[in-house]
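Participant: As a plain string of letters, each chain reads:
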Amino acid sequence: MEELMKTLKGQIVEQLNLQQIQPEDIGDDQPLFVEGLGLDSIDALEMIVLLQQKYGIKLANPADGPTVFKTVRSMAEYITAHKVN
Amino acid sequence: MARTNYITRYSHINGKAIYVDGASVFERTSSGTDFLVEAYKGLGINYPKFYKMDNLCKLAILTVEVMLKDRKLNEEYKPSDIAVIASCANSSLDTDLRYQASTADAASPSLFVYTLPNVMIGEICIRHGIKGENTCFVSSEFDAVFQTDYVNGLLANDNAEICLSGWADYLGGEMNAFFMLVEKNPTSLGEHNTETVKQLYDRQWKN
Numbered sequence: 001m002e003e004l005m006k007t008l009k010g011q012i013v014e015q016l017n018l019q020q021i022q023p024e025d026i027g028d029d030q031p032l033f034v035e036g037l038g039l040d041s042i043d044a045l046e047m048i049v050l051l052q053q054k055y056g057i058k059l060a061n062p063a064d065g066p067t068v069f070k071t072v073r074s075m076a077e078y079i080t081a082h083k084v085n
Numbered sequence: 001m002a003r004t005n006y007i008t009r010y011s012h013i014n015g016k017a018i019y020v021d022g023a024s025v026f027e028r029t030s031s032g033t034d035f036l037v038e039a040y041k042g043l044g045i046n047y048p049k050f051y052k053m054d055n056l057c058k059l060a061i062l063t064v065e066v067m068l069k070d071r072k073l074n075e076e077y078k079p080s081d082i083a084v085i086a087s088c089a090n091s092s093l094d095t096d097l098r099y100q101a102s103t104a105d106a107a108s109p110s111l112f113v114y115t116l117p118n119v120m121i122g123e124i125c126i127r128h129g130i131k132g133e134n135t136c137f138v139s140s141e142f143d144a145v146f147q148t149d150y151v152n153g154l155l156a157n158d159n160a161e162i163c164l165s166g167w168a169d170y171l172g173g174e175m176n177a178f179f180m181l182v183e184k185n186p187t188s189l190g191e192h193n194t195e196t197v198k199q200l201y202d203r204q205w206k207n
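In order, the protein sequence lines correspond to chains S and U. Residue numbers for the first sequence follow this note's numbering, so the first one is 1 and each next one is one higher. Residue numbers for the second sequence follow this note's numbering, so the first one is 1 and each next one is one higher.
Rather than coming from a laboratory, the hints here were simulated on the basis of the structure. Careful, some of the hints might be misleading.
Covered, in the sense of this in silico footprint (three residues per stretch, anywhere, with C-beta under 8 Å from a C-beta of chain U), are these stretches of chain S [what the hints assert, rightly or not]:
hint : region
1    : 7 to 21
2    : 40 to 46
3    : 55 to 61
For each residue, glycine too, the CB sits at the ideal point set by N, CA and C.
Let the sequences and hints guide you as you build the complete structure.
Facilitator: Put into structure tokens, the structure is as follows:
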């Protein structure tokens, strides 16, 4: 889980073009949207693409987005549970 | 009698340097880096959203940013009285091509939102709190006659009290941009007429 979260942070910075942020600056449990990293609705769509591209996971229910993308840890947990091998 | 308007400040970006009122404020230091990002950092601008923008928006935002340094237009004027008129030749083609390439894998939402040229005006308005008239024209080259008449018409009809008028064009690393601040108050930079606008636009090629 720790390794996956570390990888995810790098992928988030790259996918969302967050050049002002270092991956290690993102906390495991830091909110990604609004008061946390300040990501917006377009970023949310990019996160869905990231899941699809890097992990082969399609978010079946968009309503799950806020829960899945709440933090790096919640993303890692979702990936671990749904990753296509 | 037609009202006379005045150019109170102008800026250029030509891919090698950035100029305000004809004076260089930033020059490219290396050929291998992204000039617009290099300029953003070099000028000490703090607007993280810049990194997410496409090249056309980065170019337009930077050109306006240096021009409006030390000005707070939305405090000097009602936001709805500030107009932005922009034009370009290649529209959003630079990003259109990138977006098309992304569709081979997974279409990029963040590229898709920049596949219209008038988004550069939206980014300028968001950055500077502007809510007035705005229009984006596409023409093969900068049309000083048309754009000058259009802006003077906006001001003459009181559709706006001040106007950011300019040109920003980007395709495949080639770029040029020119913006002017057009106001009703006289200044030493000159009247906003076709002859002056042509002269100022042409300056970027002489630098």
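Participant: Look at each hint and say if it fits the structure.
Facilitator: Hints, one by one, checked against the model:
Closer than 8 Å: that is the beta-carbon criterion, and the region 7 to 21 of chain S has 5 residues meeting it against chain U, so the requirement of 3 holds. Coverage of a stretch by a chain is defined here by at least three residues with a beta carbon nearer than 8 Å to that chain's beta carbons; for the region 40 to 46 of chain S and chain U the count is 4, and the condition holds. A stretch counts as covered by a chain when three or more of its residues have a beta carbon under 8 Å from one of that chain; for the region 55 to 61 of chain S and chain U the count is 0, and the coverage is violated.
Against the hints set out earlier in the document, a violation occurs for number 3 only.
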